[in-house]
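J.: Taken in sequence, the protein lines are chains A and B. Residue numbers for the first sequence follow our numbering, so the first one is 1 and each next one is one higher. Residue numbers for the second sequence follow our numbering, so the first one is 266 and each next one is one higher.
If you're looking for bench data, these hints aren't it; they were derived computationally from the structure. Quantities reported herein were computed from a predicted structural model and do not represent experimental measurements. Every residue gets a Cβ at the ideal spot worked out from N, C-alpha and C, and that includes glycine. This list has only true hints and no planted wrong ones.
Some chain A residues close to chain B (C-beta under 10 angstroms, calculated; not the full set): (1) N44; (2) T53; (3) P99; (4) H159; (5) R161; (6) T172; (7) R248.
Single-letter residue listing:
Protein chains: 2
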Amino acid sequence: MGRTLTYPKRTSNTVNRYRHRATYDLGAIHGIINSSQVLHVSFNPGPSDPFPTILPMIGQMGSFDYPSSGINEPLDCYLHGYVSSRIMNLARASDEGLPICVAASKVDGLVLSLTPNSHSYNYRSAVLHGYAKPVTDEEEKVWAMQLITNSVVTNRWEHSRIPPDSAEMSSTVILKARIVDGSGKIRDGSVSDERKDTGNEEVTHRVWTGVVPVWENFGEPIPSPENRVSDVPDHIASFIKRKNEQNRVYAEDAVKVQLPAEEQH
Amino acid sequence: MGRTLTYPKRTSNTVNRYRHRATYDLGAIHGIINSSQVLHVSFNPGPSDPFPTILPMIGQMGSFDYPSSGINEPLDCYLHGYVSSRIMNLARASDEGLPICVAASKVDGLVLSLTPNSHSYNYRSAVLHGYAKPVTDEEEKVWAMQLITNSVVTNRWEHSRIPPDSAEMSSTVILKARIVDGSGKIRDGSVSDERKDTGNEEVTHRVWTGVVPVWENFGEPIPSPENRVSDVPDHIASFIKRKNEQNRVYAEDAVKVQLPAEEQH
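In isolation and in its complexed conformation, chain A is listed as follows:
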């Protein structure tokens, strides 16, 4: 308690624009990653290709070595997803791991102001840099699969057919990224216009300003044709109810945050 760990500021992760919204706190950054359904993972395919590329993947921060670690303590990034053989081969072949960037962004509101230039989003975003290697230890791999499955729906792992059999274990690949730096950005509050416009009555009486909250909404579960369980189980129903409420309240409450005058835009 009372201690806030922060990522070191290096050239690669120092936020130059909107500095006031930047955070280097591990807890804030890890929280954005862990609440994102999709992570965008960037890597360089090789020296002959000028372009970095991006894969959408599912992932979570966690610590297998120190499972009691809190969200604001040093954690690894475990990734499972639409892993093309390219990223896996590159990660497997590299000695210290494949250099990757992991990004997560959530839009919380459309900030509609007087002028197009002062339009914005309320949002949360996080970026991590690290070295990725495939997890080879079987126990750690199952632990990470459980961590990631339960990030999709809380407690889903134990409500499914487990443990994975040997064919499933060998067809699944989990990447573990050792994080070297990270940063986050958060924008909340209402609109912020410049005095030249807020003092112009023609404009202020014509242009509506405010925020449209935005959130991920989960709908009614649709059973598969093969489903044999009559009722939607509580671990799914309560997850949907809780997330919809949490997401809506976050997006609406974000609008109410008051920024100090010098931090507005």
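Place chain B on chain A using the hints.
T.: Same frame as chain A, but now just chain B:
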């Protein structure tokens, strides 16, 4: 009509995994980009940095030279956003443009199957590679600003204080990426389990399977403290109503799509 343009398959954009869900059609890929609130843009900061990095940005596909181009014709990618000076300086300094990767992903549903391994998302994702340069022509820049503003809320541009003044023009930067290749992936349908599990009654009578649809939901607009327009204007109210309906219907209809047997997973 009757002609479908596709991006060339190069090593960098060929989808190796889940090949059956891949698309190289310009229309499908551009549609995913244009309906995404946030794009993830990756670039390499420089030779001394081993990591590519990712910025969340707002962007749209469009053609200034051929404004009547349809979504399935060759288009440029215009980007406006949380542009750190680093990406701008790199793009400005490069002769043929900064090599970037642009990615967009949308989750349409949680696919909850019998085993953790066959869990999946219904989703749409797109990736583009191209060379980015700042737009210097003023007319093209205003055109792109309008394109991007109206992607946030349809027709918002003409309902705000326009045109941008010279200070706003010079403080705004728009990147234009000339696209060299692209690919998309789409997953829809219901769950797909293996026979070893669907034939196991203990499992099928215990584990609920189906899809939880997911979509971006827009809430009630919250006026800013400075707002002087009493009613939420129709361009905002109708946008919210239309998008919420479109998003919900897409997520729910995606579950109903029948995949050919050999394409399921």
